[in-house]
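Participant: In case you want the letters, here they are:
2 protein chains.
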Amino acid sequence: MIDLIKNYSITSRRVKGSAIRELLKLTNKPDMISFAGGLPSPESFPTESIAEIAAKVLKDKAHIALQYTETEGLIELREQVAILMKKDGIHVGAENILITASSQQALDLVGRVFIDPTDPLLVELPTYLGGLQAFTAYGARFIGVASDNQGMIMEDLESKLRKLQLSEEHYKFIYTVPDFQNPSGVTWTNERRQKAVELSNRYNVLLIDDSPYRELRFEGKRPDALHAIDKEGNVITCRTFSKIFAPGLRLGWIVGHKNIIAKLSVAKQSVDLCTSGFNQLIAAEFLKQNLLDNHVKKIIDIYRVKRDAMDRALEKYMPKGEGISWMKPEGGLFLFLKLPELLDADDMFHEAIEKKVAYVIGSVFHCDGKGQNTMRLNFSYPTLEQIDIGISRLADTIKERIVKLKRR
Amino acid sequence: MIDLIKNYSITSRRVKGSAIRELLKLTNKPDMISFAGGLPSPESFPTESIAEIAAKVLKDKAHIALQYTETEGLIELREQVAILMKKDGIHVGAENILITASSQQALDLVGRVFIDPTDPLLVELPTYLGGLQAFTAYGARFIGVASDNQGMIMEDLESKLRKLQLSEEHYKFIYTVPDFQNPSGVTWTNERRQKAVELSNRYNVLLIDDSPYRELRFEGKRPDALHAIDKEGNVITCRTFSKIFAPGLRLGWIVGHKNIIAKLSVAKQSVDLCTSGFNQLIAAEFLKQNLLDNHVKKIIDIYRVKRDAMDRALEKYMPKGEGISWMKPEGGLFLFLKLPELLDADDMFHEAIEKKVAYVIGSVFHCDGKGQNTMRLNFSYPTLEQIDIGISRLADTIKERIVKLKRR
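Quick mapping for you: the protein sequence lines, in order, are chains A and B.
For the first sequence, position 134 (counting from the first letter as 1) is numbered 134 according to our numbering, and the numbering increases by one without interruption.
Each number in our numbering comes from the position in the second sequence (counting from 1) with 408 added on.
Read the hints as simulated data drawn from the structure, not as lab findings.
Honestly, I wouldn't trust all of these hints.
[Said to hold, decoys possible] Cross-link-like lysine-lysine pairs, in silico, DSS-like; alpha carbons within 27 Å at most:
| no. | chain 1 | residue 1 | chain 2 | residue 2 |
| --- | --- | --- | --- | --- |
| 1 | A | 61 | B | 469 |
| 2 | A | 56 | B | 469 |
| 3 | B | 414 | A | 160 |
| 4 | B | 666 | A | 29 |
| 5 | A | 25 | B | 666 |
| 6 | B | 437 | A | 258 |
| 7 | B | 568 | A | 297 |
| 8 | A | 61 | B | 705 |
| 9 | A | 56 | B | 736 |
| 10 | A | 6 | B | 603 |
| 11 | B | 414 | A | 231 |
| 12 | A | 61 | B | 433 |
| 13 | B | 464 | A | 56 |
| 14 | A | 56 | B | 706 |
| 15 | A | 258 | B | 424 |
| 16 | B | 467 | A | 59 |
| 17 | A | 6 | B | 666 |
| 18 | A | 29 | B | 437 |
| 19 | A | 59 | B | 603 |
| 20 | A | 298 | B | 464 |
| 21 | A | 6 | B | 568 |
| 22 | B | 666 | A | 59 |
| 23 | B | 414 | A | 195 |
| 24 | A | 298 | B | 469 |
| 25 | A | 61 | B | 571 |
| 26 | A | 6 | B | 571 |
| 27 | A | 297 | B | 467 |
Next up, chain A with everything else stripped away, as it sits in the complex:
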């Protein structure tokens, strides 16, 4: 056989297997309670509606559903998505929408179309791991921007943009997850959003808005979408049906200026020709029958209770006065736990596994290699009982660590 290692491309050498994936393999033990996934709850799938609609689609439109479709996506779905976007203050037509096979594909296509090796990208600290992976493949260099409970810190963003400009770097975009961020759970305030759009215009840089969780707001008022604030055409919005409908259909979409959409479509053509027509028509019909709003309400009700349960369990079990903190997110799937600086969640992972509880180490979301004292906890997938028991196991693990640290 040929020597594979000497034949792999630079692109493939850039992207390693996900650290999460390797760690998750350890969590396949009986009785393990895992907060490590990012999966929607199976109770949240509208299975009966999908079954009814799938039958209808195959009865009425099999010749479209089972055939190749336009790379941009079926007009039926793009029009429905445009209506959906209007409800979010984003006024666009079908020509501004590209249907993708998941929002991960959206990120990959954005990376493919804009990133050249060594191009600096501005990202939140922490940010979505799948985004970092998609952009790493194209050779991006990440500039981490400090973030707090109101989103990316604009003074730090501006200072970094200014430095990049002064050093004549060709920065391509600012990557953001402004709603119930994965992993931090943070939602950007309207003020930060306004300022980000202003900076994108002043510094001539695209703003990528990756919002898979935006619809999953349990309480409070939704801030404006970046796309709705922007008047220049500098915002590219990535959304998905995975969290509000079903990930198993692999459907997402990109909203952007029509020239950008055209360029992304050419890229999509060479990576997979088109997205499943069957799945697109199922989603289009679900939207057309106006089933989404009620369904999202149902998901929100399920997840709100779970988020509350996790928040309560953390209050109940976590040791007090040791500098452990978390923010109760107003939506989404994740809660981010901060430990005292000295407590290393990467190191502690195996001890947690011993106690049969799993989390994702926070450091993988930090492009600067930091965040060892943080972890991401998913509350959408486990049951209420698992949340209570799992957090109590996690608290025990942390307490033992603290005792060990104090002994040193």
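We have chain A already, so just place chain B on it with the hints.
Facilitator: Same frame as chain A, but now just chain B:
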């Protein structure tokens, strides 16, 4: 807005919109008969089986179908695909199989994992346009290898491999479509296959076997799969459900050494995380219920009649003694027409459109910019009546061209 053109990546500048796509836009006229597509016939879709199976899958396995799945593909489908491969003399396990969202994605992933900019790739003259596009994105340089009605000419392949070796080039793979090739319709003989595997071992180079049409053999004996001949692990096989089941489900697969499959999986993770579980379970159940063989027989019966109709129409309408030739393919979707050297099918395209018949210009399949006197004709999609009328229109177009040429 930012200046897009100054922000697009090198990758995106490499890949232009498909020439076919632009030409196809011209064919959207009433009464147009198009031989330009590459679509399976809608009559060939097993719609009722899919409807029954989809209902069953959602009833029994919604929690898998609608959820995220393993990047490698569901074990249910990989095991069924392994059984399918065994029938073709390819003895592999699930660990040798990666489920992809179409064979176009398979080609993209192979390109991503192996090609660095300027790497030479050896391809047939002509070869599949989608392959050229996928590999172009990664900066491949194409070395065209002469081909005849028995496949790639091995003397030319060896001479080109030797030259590349002498000039210390890092050639990465030989890309082949050895069964009912798109566009030429040619199937490689067993002798050529044996020799290709031998050369791949001698020159330490991967052999990519892209065989979307292999199951669609109307007559004659199937030669051995390259994978079945190879003992070294140098062959990567790309297959698809698009031509034997339904393209609208976007399902293909790659067979290869387990290390290659693992590397391709890491790449797939960053481009779309996983393939639709719903669609995978539908295909798995279709295979499990043993419905594929009979279904393929049905498709073959439909396409054989259409191929015969096109061959007959060509005999009937094409001018004799002018050097027009074609080979009646033993399977697949395409028939390749060769015109006299002086007749330029690119130029003639608009005249054909005037006469309301469309084809794909052969030059787009030639990496060396030649083949202006060739065209690809699809016989799977048009009806028998359309085939007869369309070929008569095409013959008229050609006759007029010949008259014009003789007048000069």
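Participant: If a hint holds in the structure, say so; if it doesn't, say that too.
Facilitator: Status of each hint after checking the structure:
no. : hint            : verdict
1   : A:61 <-> B:469  : holds (24 Å)
2   : A:56 <-> B:469  : holds (20 Å)
3   : B:414 <-> A:160 : holds (21 Å)
4   : B:666 <-> A:29  : holds (25 Å)
5   : A:25 <-> B:666  : holds (18 Å)
6   : B:437 <-> A:258 : holds (25 Å)
7   : B:568 <-> A:297 : violated (63 Å)
8   : A:61 <-> B:705  : holds (24 Å)
9   : A:56 <-> B:736  : violated (40 Å)
10  : A:6 <-> B:603   : holds (24 Å)
11  : B:414 <-> A:231 : holds (20 Å)
12  : A:61 <-> B:433  : holds (23 Å)
13  : B:464 <-> A:56  : holds (15 Å)
14  : A:56 <-> B:706  : holds (25 Å)
15  : A:258 <-> B:424 : holds (16 Å)
16  : B:467 <-> A:59  : holds (18 Å)
17  : A:6 <-> B:666   : holds (17 Å)
18  : A:29 <-> B:437  : violated (61 Å)
19  : A:59 <-> B:603  : violated (49 Å)
20  : A:298 <-> B:464 : holds (25 Å)
21  : A:6 <-> B:568   : holds (21 Å)
22  : B:666 <-> A:59  : violated (40 Å)
23  : B:414 <-> A:195 : holds (24 Å)
24  : A:298 <-> B:469 : holds (21 Å)
25  : A:61 <-> B:571  : violated (53 Å)
26  : A:6 <-> B:571   : holds (20 Å)
27  : A:297 <-> B:467 : holds (24 Å)
Checked against the numbered hints above, the structure breaks hints 7, 9, 18, 19, 22, 25 and satisfies the rest.
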